[in-house]
Structure formats: structure tokens, C-alpha cells
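Peer 1: Sequence:
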Amino acid sequence: MKIMKKIWKKEKKKKRIGSHGIITVFLTLMMVPVVAISSVMVDVARLNLYSSQAVMAADTYGDAVLSEFDNLLKELYGLFSVTQNKEGLEAVNKLADTVGYSFNPVGDGKSLSGFMPYKDADVKISYEKVDGASLSNNNVLMTQISDFMKYRIVEQVMDENGILSSLGEFETVDDDMDAIKKRKEISDKSQKAMEDIQDYYDTLKAIAAYPDYLDGLERRFVAYSDKLEAVVKSEEYEKYTYYLEHQEEIEAALEMFDSEEEDTDTESSSSEDDPEDAEKVADMADLYDKYKDFDVDEYLDDLEIELLVYENPLTDPKGEPINFDNAGEAISALRVQTVMLDNTLKTLKEQVRELKEHLVDCSDDIRVGIEAEIKDLEDILKLSDQFQEVYDLIEPTNQDKLKNERNKSDFAYEVGELKDIREKILSGEIEAGTDRTWKSKVWGQWYDFRDDKGEFYQELQKFCEGGASGKGDKDAGDKKIDEAKDAQEKAEEELNKPEQTEARNIPDGIAAQLKSGGATGDVLGFSDYFSGGLSLKNLSAGGEHALDKFLVTSYDFGMFSSRVTGVKAPKKNSLETNMTEEKKDSKEDISLTGYEMSPDINYLYGAELEYLLGGYNNSVSNLNKSRNIICGVRETMNFAASYAITEINEAICAVADTAATAVAATGVGAAVAPLVRISVSGALRLAFALIETAADWMELKERDKVTFMKTEMEDLNGIDGIASLLHIDIPESSEDKFGLTYEDYMFVLLCIFTDSNTLTSRTANLITLNMNQAKHKGGEWSSLDFKMQDTVTAVKATCKVKADFVVLPDNFAEMFYSGTSTESQIERLENHYFGYSVIRGY
1 MKIMKKIWKK
11 EKKKKRIGSH
21 GIITVFLTLM
31 MVPVVAISSV
41 MVDVARLNLY
51 SSQAVMAADT
61 YGDAVLSEFD
71 NLLKELYGLF
81 SVTQNKEGLE
91 AVNKLADTVG
101 YSFNPVGDGK
111 SLSGFMPYKD
121 ADVKISYEKV
131 DGASLSNNNV
141 LMTQISDFMK
151 YRIVEQVMDE
161 NGILSSLGEF
171 ETVDDDMDAI
181 KKRKEISDKS
191 QKAMEDIQDY
201 YDTLKAIAAY
211 PDYLDGLERR
221 FVAYSDKLEA
231 VVKSEEYEKY
241 TYYLEHQEEI
251 EAALEMFDSE
261 EEDTDTESSS
271 SEDDPEDAEK
281 VADMADLYDK
291 YKDFDVDEYL
301 DDLEIELLVY
311 ENPLTDPKGE
321 PINFDNAGEA
331 ISALRVQTVM
341 LDNTLKTLKE
351 QVRELKEHLV
361 DCSDDIRVGI
371 EAEIKDLEDI
381 LKLSDQFQEV
391 YDLIEPTNQD
401 KLKNERNKSD
411 FAYEVGELKD
421 IREKILSGEI
431 EAGTDRTWKS
441 KVWGQWYDFR
451 DDKGEFYQEL
461 QKFCEGGASG
471 KGDKDAGDKK
481 IDEAKDAQEK
491 AEEELNKPEQ
501 TEARNIPDGI
511 AAQLKSGGAT
521 GDVLGFSDYF
531 SGGLSLKNLS
541 AGGEHALDKF
551 LVTSYDFGMF
561 SSRVTGVKAP
571 KKNSLETNMT
581 EEKKDSKEDI
591 SLTGYEMSPD
601 INYLYGAELE
611 YLLGGYNNSV
621 SNLNKSRNII
631 CGVRETMNFA
641 ASYAITEINE
651 AICAVADTAA
661 TAVAATGVGA
671 AVAPLVRISV
681 SGALRLAFAL
691 IETAADWMEL
701 KERDKVTFMK
711 TEMEDLNGID
721 GIASLLHIDI
731 PESSEDKFGL
741 TYEDYMFVLL
751 CIFTDSNTLT
761 SRTANLITLN
771 MNQAKHKGGE
781 WSSLDFKMQD
791 TVTAVKATCK
801 VKADFVVLPD
811 NFAEMFYSGT
821 STESQIERLE
831 NHYFGYSVIR
841 GY
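Quick note: the sequence shown uses the numbering used here, first residue 1, plus one each step.
Fair warning: there could be bad hints in the mix.
Restricting the straight-line Cα-Cα distance to at most 20 Å, the calculated cross-link-like pairs of lysine-lysine (PhoX-like) are [unchecked claim]:
| # | residue 1 | residue 2 |
| --- | --- | --- |
| 1 | Lys382 | Lys453 |
| 2 | Lys441 | Lys419 |
| 3 | Lys408 | Lys439 |
The hints are simulated quantities; they were obtained by calculation from the structure and are not laboratory data.
Using the sequences and the hints given, assemble the complete structure.
Peer 2: Pasting the structure below:
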């Protein structure tokens, strides 16, 4: 037992000897991961602490940068952008140091204390412009303008009689304008048809003269042939041919009896002594008596001249209005004119069809008036096939062009034969007294269309030249149209007077620095905007963008000047209230920010709104374009008024009917009279519209309103001109109806004619120009100090922090934050920096 105890004690002693320090080793092993983990947690806690402070610093600095905004831009236009001037930028940079002191309060030399475990951190604070965050970005500019206007515009939007509601007035005239456009097209095409018919007839008349031309040539040929025969059978020609045969005998006789040396007594004695000699002398005496006064050369000269009088017209057979040389050209011209006339009448027929479709939806006054004008127009259209049939008979069927060429060659040949006969006669080769061996006449081949289309030709003749009876007046329609055109030209001259303005132009050097380039091309005339120039169909289709454009347009009208700025105190917006009371307690031409519009602030003073519409760098071009569009719209509305105003419509119809009746009295009848009626009516209505438009424009330039839809005589302004044109009395105008001022028209036209992107870009250009003008206080300048592309509306502020970690590797720290909510805040930067960025904007 004792032995067992000894053994157990011995083994126990051995066991204790091998176990000394195990706890220490265990604790040592445990402390390694504990210390490591604790160090990591300390580093992570420090990283989070830096992160929180960096978040606050970056956020604070972003707001601090935005606080240094361009005060002039804000004061003038209510827009916000980080300052562009040197002092402001220096202040922004100084703010970075100030915000950095949040990590170390004693960094600026102040004696502060507290728990600041990150005071030894290396901190960098900076900012940069966010891409696209500039007022040169149309979306950004439109957003700021919308924010500026959204509360100011509420009254107008909510008002039942406000601008948006009043714009609906224009939608009601869309169908009327479409019908008026088609009506004017028919009027223009009717006049074109009359001109084409006249051209067709002139050519056809020349072709109709071809048979008479042939008859004339045949008569001259017969006369020449007869003359040649008469010469051959004449005594003079017989004497001439005998002379040629006995020239020596005749010359001897003439010489003998003309000799003064011969003695008469000797001759008599000799003759008595020799009877044969006496007979010979007697024969010579007869020859002498016959030819003593006959001068052969003189006879030949006279005969040649006499024959050439007959021959020359045949050698060069000219004729008016047609001859061999131009007959083919006339037929070719008739083909072209037939095609043109056919196209004109087909187009006219199609226009009548389209007009009837548009009349279904337009107002009653216009529908009834136009239907009355075109009801008989189909009659003239029934003649359209006749023109083509006449040409087909002349050329493709009967080939008159080929016949003319044959006639020309045949006639030249036969005339050549007569020339040969003449030469033979002059040379005495043809025996005197013989019957003719040459042709006595020639015959030409030709189809005379009047054999089949004589009745149609007579109708054309009556229309284009007047009837033989002398009744009526074929020119009655032309006279009225010319009278109307004279009135139109006078009104157009008044409307096209050169613009008188002191508005500046945008120099090329400055224009090149603006956001968008100026418009190019010529300014269209106001007649180009006639009919269809005002339609809200596209505007209505704009959806949500229409409100944005409305806000920008309202902003522009509150900030920029126009041609009527400063003319006189503006009346309350007729689009808003349709009333004429003047605004109470309101200043004239004051911007939405309270500044008076003037050349010292507004660079294009007097033409800014017009620039928004036209886009040209030349102010006169912009003024012309705005004038032309407005006048084109007014011309359309006044053309409609010629139907809506009963007295005017009746007067025009009476004049047109009188002219058509006068033309019909020449014999043309109802078939062509509708062309005259609708052409005269269209010319008079257009003249009326232009006269009234010129008067309206004078009112608009004076900042007065003009009745939008004129339905009564009292609505008219062009009293004298209309009275002179239609010979009726016009009462004085009144001002108690819905009307628009110049600014109202400009507002609507900007909404219709200018897309949102273009309007916003041009608004940015005006702001740029005016900011530079204000900075120079109205003085001279040649380059832009303020540029929209340099504006900053949002910044990315970044706070970079660098701190030494205890044990945490950089890569491990980055991996630690992967997948956490702070991943979007913390980012690893170069040189062991960790940074936080925040975007802040106005």
C-alpha cells in the first residue's frame, strides 16, 4: 500500500513539473487575436468617426459654395449660379479652409480644447462642377425659370379668363383658316386658269391662221405664174427675143441710120438705081423704127425688178402670226400649254373638292359665302377635256406639224421652178407667145381644227376677245382685278415700310460666343404667313411641355422689351380680362424683378421679344419677321371678316357679279363667267384684307388692341381705304369686343412658332447679353465677361481624409465597407486617402 502511495506521489510530482506557465501561455495566445480584433475595431471606429465628420464637412462646404451666388444674376433675373467674379471665387476657396477647421478647431490658431480624436488627420476639401449643371443646359434653365414663375403664374392659370383659357379662342378659328387657305388657293388658281386659257387661245388663234397663210401664198404663187406667162406673151418680150435672134442686123440698122456722115441724096440715088438695095434699106429702116427707142439693158433691168417683186415674197414666205418657220413651234407650244392648262384645271378641280370638305367644319358665314362663290365653278371645269381634244386633233391625229414641213419643202421646190423660168425668160430661152409649161398654182395640205371644234373655238374667241355684237365688256373682270391689285400694292407698300428702330444688332464677334447661333436666310413676307399662319394644333399636341413653354414665355414677357416698350402706358392684358382699364398703381415696363427696362440693362432694347421669335442677329430682321407673321395672321382674319361682315360680303359679291355679267354679255355665257366671278371676288377680298391689315398694324404699333374676329362694320379700322375700294360707307370703329394687343400676339406666336428648346436657348442668349450690358453699366464692350456656359448650378463637394490606422490595412478597410450602406459615401482615394462626396445644387 505504501509502495502504491509512493508511486502515485512520484507521478503527481512529475505532472506538476511539466505544467508550470500554461496559463500564461494560454493568456498570451488569447491576447493576440483579442488585441488584433480590438485594434481593428478601434480603426473601424476611427474610420466611421472620420466618415461622419467628412460627411458634415463636405455637406457644409457644398452649401457654402452655393451661398456665393452671382448676386447680379439673381437680382436681374431671379436665377442662381455660383459667382464667376474673382473675389467670389477667392471667398469660395477660403471657405474650404474654414470648413477644414471642423477636424481641428485650433487649426486657425484659436486655443480650443475638447475630445478631438481626429485632429491629427490630414484633410483636403474641394469642389467641382457637376457635368451639365449649368444655365447653358436648357433643362436646368427651364427648371429655374419654372421655379421662379410657378407662384407668379398661378393667378393667370387659375383665372377663367386668363391667358390659357383665352388661347382657346384661337382653336375655334383653325377650321375657318383652313377653309380660307383653300379659298385663296382657288382664287389664285382661277386667275392662273384665266391666264393659261388666254395663252392657249393666243397660240390656237395663230394656228387657226395657217390656212389663211397658205391661201395667201397660193395667191401670190398664182400671181407670179400668171405674170411670167403675161411676160412671155407680151410684145415687149417678143421684141426682146427677136432682138436676141437678130442682134447684128438690128445693130447695123441702128448704126446706119444714126450715122451723120451719110449723104441723103446719094442714098436716094443709090436706092433708085438698085431695087434690091432699096428693099434692104427699107427693111433696115423698119428695124430702126422698131428698135430706135428700145434699150435692151433697161428692159432687162426693169423686167427683172418687176419679176422679183412677185418672187421675193415667195422666196422668204414670212407671215404673221404664223408661217412655215414657226408653225411647228406653235404646235409644240400648244402641246405645252395644253398640259399646263390641263394641270391647272385638274388642280382647280381638286382644290374645289378639298375646299368643300373643309367647309363642313368651318363657321356658317364663311361656309355660306364660299359655297355661293364656287357653286358654278364646276361648269368651267367641264371644258377641261375640250382643250386636250383640240390639240389631239391638230397633231397626233392629223399631224399638222409634218404637213407643214412638207408644205414648206414643196412650196420651196415650186418657187424654185418659177425662178428657173424667170432666168430663162431673162435669157430669152423661152419662145415668145408660147403657152406656159410651168404650174399655175400650188396646193398645201393642212387640217383645220375649226371644222370639228369651231363652236368651242368661238366660245374661246368670245371669252378672250369679246363678241362681235360689241355688247358687254370682256375686260370687266381684269379691270376690277387690276383695281383691287392697285389697292393691295398700296397697302403692301404701307406694311413694308422700312423699320425705324434704335435697337442694337448682335456683333458677329459676340454672337460667336453665345450659346446658339443666329437664324439664317431671308425673312419671309407677311403674305407667306397668310392663312394657316396661326394654329394651335401643334401646341395642343405638346402635352406637358406646353406648360413649360408657357412658363418660359411668361417669364420672357416679364423680363424683356419689345418694339412697343415705352410707347405708352400698357393697358391691362386683354388676354387676361378682355378689358381696357389701365392697371392701377403699376409702373410702366418694369421687369418681374422690379427693374425698369432700358438700354442700359437690355442690350437689344426695343427688339428682345422679337429676337426670341426671329433669332436673327440683326434686330431689323427680327422686327420684320414679327411684323410679317402678325400681319399674315391679321390678313387671314380680315379675309375671313370679308365673309363674316354682311355689308362687306354683299358689296364684294355685287362687284364680282357685275364683272362676271359684263364678261358673259360678250357671248361666253355661264361656262367661263364663274372664273371671272371667283377671281374678282378673291382679289377684292384680298385687297380688303390687306387694307384692313395695314390699319390694324398701325393700331398694334400704338399698343392698342385690335378686334380678333371682326363681324360688324364697327370693328373695322381701314375706313377710308375700304370705302374707296367698295364704294360703301364705313362707320367709326368701336372697342368693346375681344381684342389682342401687339404683346398678346407676340405671346401666342412664341408659343406656336418657337419650340421649347429654341425659346430657352434664345432666352439664355438675352440673359447673357443683358448681364454683360449691366456689368458695363451700358458702356461699350466687345467680349463676354459673363457666359452662360461658365455658370454653375450644382457642385460636387469632396472631403478627403488621411489617417494612420493601427492595424487595419487599406484593402481590408475597403473590403470591410463593401456591401454596407456606407459604400456610396466612402470611397478609397489615392495615397491612402478616404473621401466623402456630396452633390448640392440650387
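Peer 1: Would you check the hint for Lys382 and Lys453, treating anything up to 20 Å between C-alpha atoms as holding?
Peer 2: holds (15 Å)
Peer 1: Would you mind confirming whether the straight-line C-alpha gap from Lys441 to Lys419 stays at or under 20 Å?
Peer 2: holds (14 Å)
Peer 1: Quickly compare the C-alpha distance for Lys408 and Lys439 to 20 Å and report which way the hint goes.
Peer 2: With Cα atoms ~17 Å apart, Lys408 and Lys439 stay inside 20 Å; holds.
When each numbered hint is compared with the structure, no violation occurs for any of them.
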